[in-house]
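J.: Listed below, chain by chain, are the residues.
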Amino acid sequence: MVLAQDATTLDVPDVAWSSFAPELLLTAAALVLLLVAIARGRQLLVAAPTGVVAVGLGVWLVSTDVVVPGAVAIVWGLALPAAVFAFPHRGSLVQAWGAGVALAGALVLTGWQFVTVLGDGAGGMTPQSALAGALANDGIAFFTRITVYLTALIVLPLGYGYLRDRRINRAEVEPLLLLAVVGMAALGTANDLITLFVALEVLSLALYVLTGLARRDRRSQEASLKYFVMGAVASAILLYGMALMYVATGSLSLPTIGSVVALAGTNQLVSALGLALVTVGIGFKVALVPFHLWTPDVYQGAPTNITAFMAAATKAAGFAAVLRLYLVAFPGLQGLWAPVLAVLAAASMLYGAYVALVQRDLKRMLAYSSITHAGYATIGVVAVTDAGLSGTLWYLLTYAVSTLGAFGCVIAIERRRRGEVALVDLRGLGRTSPAVAGILALCLLSLAGMPPTAGFVGKFVVFQAGIEAGWTWLVVIGVLSSIVAAFFYLRIAGVMFLETADDDRPLPASSLGLTTGIAVSATLVVFLGVQPQAFLHLADAAAALVR
Amino acid sequence: MLAEYLPILLLFLVASAFAVGSVAVSSLVGPRQPNPTKLSAYESGNEPLADVPGTRFSVKFYMVAMLFLIFDIEAVFLYPWALVFRELGWFGLGQMALFVGILGVAFIYEIGRGGLEWD
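Order-wise, the sequence lines are chains A and B. First residue of the first sequence? That's 3 in my numbering, and the numbers climb one at a time after it. First residue of the second sequence? That's 230 in my numbering, and the numbers climb one at a time after it.
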């Protein structure tokens, strides 16, 4: 009793749950789906109590005037048991619906965060820092969340039929996908080095497993092992760089590092060394040129829907970290890192474009094209202006929707080919399956940056930011590599529409999910190209950072 | 700035010098009277299962190792938490319940997938 009276309560930290509400929902969904995965015949035993808890939580939230998250919790709590009821003997369909509703809920919660916290009513943003500075709820976080959640939401239906056809539709796919998404969104919000590293590991570990999903396929095994070993080395280098940053500045928080580095008398050599090592680690994740060696093999070997997810979402999350690191923590060393990063960008654009020219395999070619696009996105980073920042965020969104559409069409073609899709397999596709060929051509035109598509607006904004910041030579290289890239994108279109095939049968009918996924991404490619204003405005507002 | 880390470097040097030094001194100075019991491998009082060099053991041990790691980390968090449990009050209890709950889901999943069955 005496002891109990002596005890003093510490100041309990105030956890701002709302600042990471979307990730919270997705983590909970991933855990529940893992339990559903092992429940086999007793799925209702897991789904029903979860539903009761979620609905109860939702009702409590609504009664305390937190209406939107409450409604999301209620909807998800009802959707899971409903899915179990509706598809009693199709576990993977329950998983897909459970994950899909959770991702849609996460998008809604992101919008709710914008309306209640970030937005200032006039379309601008007031950034907020949360969890004692570990999280920054600002423009980068908001835009990364949108890109990543949208990508995952499109990848789910794209991959469902594909995984079933290849008999790798294991129940762990959706939980791992959700965890990877949580890691990516957290990477976009991370405002200190530890959070950044943990987020990076969460997304990487989930992706290593997803890459090796087709474990009977040797190329998938190889891709997984290669990605894991090289990714682990990259993580180690990154961690060493972070340690050096801490030595030089005595802080883990990015804004504090930023203000310390700007002071005269700080040990600039050590912090620059740390920054260089961290650049290696993150350059690996986004596949910038000297650190890109894993990309073609991993993109080719991984199941195609996972490749689409990696290409679109990992790039967005990785660049979110790059932007925050350079623009928040190291604007003081700008004269040092901007030229280096510009050279990496130029090398990525040229190398990716020229090597993609000689590829015969479609997935491999798209892998090299993703290296090229990492270069374009970097132009916005080296500009070190608000225009460059919003340009990069916007570019990543347009790249995500275009590459999703392209990989979706690859999945549709793989249904006939059973495995690799080489360039010659596309001959005559324009005649036998005009819809798939047309959409593939559209997405490739967007990747090439042709006017009526999203890719054009993306490239235009990034190049404009580069010119304004005085990086004329870099933009010239960007335009040159776009011309080279346009050649191989257009060559694919030519093969599809101008050559004739030996095999006149159309592609087997796509599953409903695949059709939906491809249609949604194609619509987005056109919509973002014709009506970019709404999102461009958001991207402009996203230049508000926690510094 | 790096000079602050000099004591750590010195500690490393002293520690390795002590380890190497004591082994070297005992092998140089100590008496040498081997017998079969002294030469046999020490495995916590059990009979050694196999000769150490070149022994193959089942790959299934990786699961045990991973499980150990998970609960090891859990214990690492639980000790300091137990120390300040009173001060943290309900907040601490809730946070630890969350942490243990998430680990628990992983553990249930592992059992459900047969991770604890040897064959």
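Some clues are possibly wrong.
Stated by the list, open to error - Label-pair restraints from in silico Cβ distances: (1) A/Gln223 <-> B/Met292: 51 to 59 Å; (2) B/Ala335 <-> A/Asp16: 52 to 60 Å; (3) A/Arg42 <-> B/Phe286: 29 to 37 Å.
As the list claims (entries may be wrong) - Within a straight-line C-alpha distance of at most 25 Å, the following computed SDA-like cross-link-like pairs (lysine to any residue) qualify: (4) A/Lys228 <-> B/Phe300; (5) B/Lys289 <-> A/Arg217; (6) A/Lys228 <-> B/Met295; (7) B/Lys289 <-> A/Arg172; (8) B/Lys289 <-> A/Ala173; (9) B/Lys289 <-> A/Val54.
Worth flagging that the hints you see were computed from the coordinates, not collected in a lab. Computed from a predicted model, the values in this text were never measured in an experiment. Where a beta carbon is used, it is the ideal one built from N, C-alpha and C, also for glycine.
J.: Please go over all the hints and tell whether each is borne out by the structure.
T.: Now the hints, each set against the structure:
Taking the beta carbon of each, A/Gln223 and B/Met292 are about 19 Å apart, not inside 51 to 59 Å as hinted. Checked against the given bound of 52 to 60 Å, the beta carbons of B/Ala335 and A/Asp16, roughly 28 Å apart, lie outside it. At about 32 Å, the CB distance of A/Arg42 to B/Phe286 agrees with the hint of 29 to 37 Å. At roughly 29 Å between alpha-carbon atoms, A/Lys228 and B/Phe300 are farther apart than 25 Å, so this suggested pair is violated.
At roughly 18 Å between alpha-carbon atoms, B/Lys289 and A/Arg217 fall within 25 Å of each other, so this suggested pair holds. Simply put, A/Lys228 and B/Met295 have alpha-carbon atoms about 21 Å apart, close enough for the 25 Å limit, and the pair holds. About 21 Å separates the Cα atoms of B/Lys289 and A/Arg172, which keeps this hinted pair within 25 Å; it holds. Between the alpha carbons of B/Lys289 and A/Ala173 the distance comes to roughly 22 Å, so the proposed pair stays at or under 25 Å and holds.
A hinted pair counts as satisfied when its Cα atoms are at most 25 Å apart, and B/Lys289 with A/Val54 does not qualify at roughly 38 Å.
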